[in-house]
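*Asks:* Sequence:
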Amino acid sequence: MGSDRALSLLDQMLWTAFVVAGPILGAVLIVGVLISVLQVATQIQEMTLTYVPKLLASGLLLAFLGPWMVGRLTQFAQGLFLAIPSLAR
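The working numbering applies: residue 1 is where the sequence shown begins, and numbers increase by one.
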């Protein structure tokens, strides 16, 4: 396997990871910023107030986007397994 093929597989892997993890990380970031603004506005400095909404948002997104995420990762893994014979040359 040449270095160009290895870099191509690495690029595909990183983009797949970014696309799969992106929606959850984005939602948790938005919820975190909103809760922080709410805490600053109300001067409530409770530490558990930041974790519960983030946990709920990530749980709901995992429930809704979970099948798509698993499908995307499975598609990538199948592509890798199907490419194994061509990598041995």
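A couple of the hints might just be wrong.
Derived DEER-like restraints, expressed as beta-carbon distance ranges [to be verified]: (1) Ala41 <-> Leu14: 14 to 24 Å; (2) Phe64 <-> Asp11: 41 to 51 Å; (3) Phe64 <-> Leu87: 28 to 38 Å; (4) Leu29 <-> Gly71: 34 to 44 Å; (5) Phe64 <-> Val33: 51 to 61 Å; (6) Leu7 <-> Leu34: 32 to 42 Å; (7) Ser86 <-> Met47: 17 to 27 Å; (8) Gly66 <-> Leu14: 37 to 47 Å; (9) Leu7 <-> Trp68: 18 to 28 Å.
Since the hints were derived computationally from the structure, they do not count as laboratory data. Beta carbons are placed, not taken as given, at the ideal position from N, Cα and C, and that holds for glycine.
*Asks:* Now tell me, hint by hint, if it's right for this structure.
*Replies:* Each hint tested on the structure:
The hint said 14 to 24 Å for the Cβ distance between Ala41 and Leu14, and at roughly 38 Å that hint is violated. Between Phe64 and Asp11 the CB atoms are about 28 Å apart, so this pair departs from the stated range of 41 to 51 Å. Separated by about 36 Å at the C-beta atoms, Phe64 and Leu87 satisfy the suggested range of 28 to 38 Å. Against the hinted window of 34 to 44 Å, the Cβ-Cβ separation of Leu29 and Gly71 comes to about 24 Å, which falls outside the hint.
For Phe64 paired with Val33, a C-beta distance near 21 Å fails the hint of 51 to 61 Å. The hint said 32 to 42 Å for the Cβ distance between Leu7 and Leu34, and at roughly 39 Å that hint holds. For the hinted restraint 17 to 27 Å between Ser86 and Met47, the CB-CB distance of approximately 52 Å leaves it violated. At roughly 21 Å, the beta-carbon separation of Gly66 and Leu14 lies outside the given 37 to 47 Å, and the hint is violated.
For the pair Leu7 and Trp68, the supplied restraint of 18 to 28 Å holds, since their beta-carbon distance comes to about 27 Å.
Hint violations for this structure: numbers 1, 2, 4, 5, 7, 8, all remaining hints satisfied.
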